[in-house]
Amino acid sequence: MSIIIKTDRTHNFEQGIKSSEITSESAYLNRREFIKQSGLLAGAAWAGGLSLPATAGDSEYGNDFKGLIKTPYGKGESLTSFKDATTYNNFYEFGTGKKDPAANAQQFVTDPWSITVEGEANKTGTFHLEDILKHAQIEERIYRFRCVEAWSMTVPWVGFSLADMLKRFDPTSKAKYVEFETLYDPKQMPGQKRRVLDWPYRDGLRMDEAMNPLCFMAVGLYGRDLPNQNGAPIRLVVPWKYGFKNIKSIVKIKFTEHEPVCTWNVTGPKEYGFYSNVNPNVDHPRWSQATERKLGTNFWEPKTKTQLFNGYAEQVAHLYKGMDLTKYF
Amino acid sequence: MRDELDMEAIIKRGLYMQVKEYLPGLCFFKPLVFLLCLLPFAFYVSGALNQQLGPNPVETMIRGFGDWGIYFLLIGLSISPARKIFNLNWLIQYRRMIGLFAFFYVCIHFTSYIWFEQFFDVQEIIKDIIKRPFITIGFVCFLMLLPLAITSTNAMMRRLKKNWMRLHKLVYPISILALLHYFMMTRADYLVPGLLLLILSVLLGYRLIRTIKSHQAKNKAHT
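The listed protein sequences correspond, in order, to chains F and G. Reminder that position 217 of the first sequence reads as 217 in our numbering, one-by-one numbering, no gaps. Just add 1000 to the spot in the second sequence (first one is 1) and you have our numbering.
Please keep in mind that the hints were generated in silico from the structure rather than gathered at the bench. Hints are supplied without guarantee of correctness; some may be wrong.
[To be verified] Using 20 Å as the maximum straight-line C-alpha spacing, the simulated EDC-like pairs for lysine to aspartate or glutamate come out as follows: (1) F:K303 / G:D1189; (2) F:K305 / G:D1006; (3) F:K305 / G:E1124; (4) F:K134 / F:D111; (5) F:K303 / G:E1124.
[Stated by the list, open to error] Not everything, but these chain F residues come out facing chain G in the computed CB check (under 8 Å): (6) Y61; (7) Y88; (8) T96; (9) R286; (10) S288; (11) Q289; (12) R293; (13) F299; (14) P302.
These numbers were taken from a predicted model, which means no experiment stands behind them. Yeah, the Cβ is synthetic: ideal placement off N, Cα and C, and Gly gets one too.
Work the whole structure out from these sequences, hints included.
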């Protein structure tokens, strides 16, 4: 497989030892097995603690993560159906139609997978996903997801805190921003055969945004492994920003001093700003951002009013204090 | 042997002529084409009633009707060239019907936007039309199609005489604006509107070349 990066820079996550020195590739735990185990351990640690039932769609839940910790995030939200959340996707690497990713991503190979960490951090290198997950507390969070195209959904993601992961790379004081990059592999990602976007897909966050506890690295949804069309094996979820900031199938994380290049920003600088916070008061040239249509609602059902920062203002508004949000959109 | 071949050729040609000339003249043919043109409409309406238009049915329907509006404009524009190139005179009988179907799909495209996207909120609709250039242009297309639909009757044709032809040349700028509308609402992938633009360019280019040639012929006749 072309994805695995077999260089000497493949480090073990914490000790900084070349992983090839400790375990052979074949000896790696199957990732699914691995997550199940870690979930189980974490679940045991939380025994007697929080265990909130999902509000809807229980029958659509999978069981890929045994003993999955349910968190209070999104308690009481009614969920988008699993089918809608996994058949209506913007993932241009697999085609620009909403149904294309579900149709074209089924053969996508996500195991093995590694992520290269670069830039202003002390622990850089290429890490196997298993090594990253080993340290992660896998939990479920229900988040609202708002696309810039004025549709929205509510999804029970499975994953872990972005901040927890970033801290382990030990970013230096020069790290003002963090940039993410999606895999570039036109053989597997047919959408990349045409230059619809400036591949590879890139996006980024300001460091303080990235360290906000809401930022989430998702490896699953509805208790199942992340479907390929939703950004397998690992994607970003930043619930107060428009969907395209939630970069999928991440292979690179780079800490930088300067604002990183973001694919949609390059494609349409007047339409897609670096921040791209959900904001009903900042209009978009194509779509009114005042309202949104929840996936699965029918013709006669009204649209929903969009909330500032997608309803997460309490947790994130302080990040943008004193900033003119119409200028820094 | 030779005669046999000729007979075969004559029979074949007869069959061909029948398909080409007489079949379209049969009484059921026009209603059949009419029903065919209604198929996309039926597809979206039944899809809506049976909840089979996907997670975002409103978007599916509005886009679908808009697509078909453009397809019918292009089909309508290809009738005259096809008639001349393939010598199919009867095709002209279908031009009005196809044109009116283009108008029909544009109308329900606009109606479904007003109804399901804006829920008849007049203020919001006016704001949207003024503020968003691609909607402005779509709306202009709709307005420009109105006089063409109104003057599509035989009586109107007779009344307007020469001006009828002039008026109906509006369909050229309408088609260009309709594609501009499509291009402007596209986020990144211009493949489909690009293909449609290619088709439109061929159809308009054909007319342009013919006009130039006929001008040249006239000039030659004068000199």
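Structure-based check of all given hints:
1. F:K303 / G:D1189: 27 Å, violated
2. F:K305 / G:D1006: The given pair, whose Cα atoms are some 75 Å apart, is violated under the 20 Å limit.
3. F:K305 / G:E1124: The given pair, whose Cα atoms are some 14 Å apart, holds under the 20 Å limit.
4. F:K134 / F:D111: It holds: about 15 Å lies between the C-alpha atoms, which stays within 20 Å.
5. F:K303 / G:E1124: With a Cα-Cα distance of about 13 Å, the restraint between K303 (chain F) and E1124 (chain G) holds, given a limit of 20 Å.
6. Y61: Violated, about 19 Å.
7. Y88: Result: holds, 4 Å to nearest chain G Cβ.
8. T96: 4 Å, holds
9. R286: 7 Å, holds
10. S288: Interface hint status for S288 (chain F): holds (7 Å vs cutoff 8 Å).
11. Q289: Violated, about 12 Å.
12. R293: Holds, because the Cβ-Cβ distance from R293 (chain F) to chain G comes to roughly 6 Å (cut-off 8 Å).
13. F299: 5 Å, holds
14. P302: Since chain G brings a Cβ to about 7 Å from P302 (chain F), closer than 8 Å, the hint holds.
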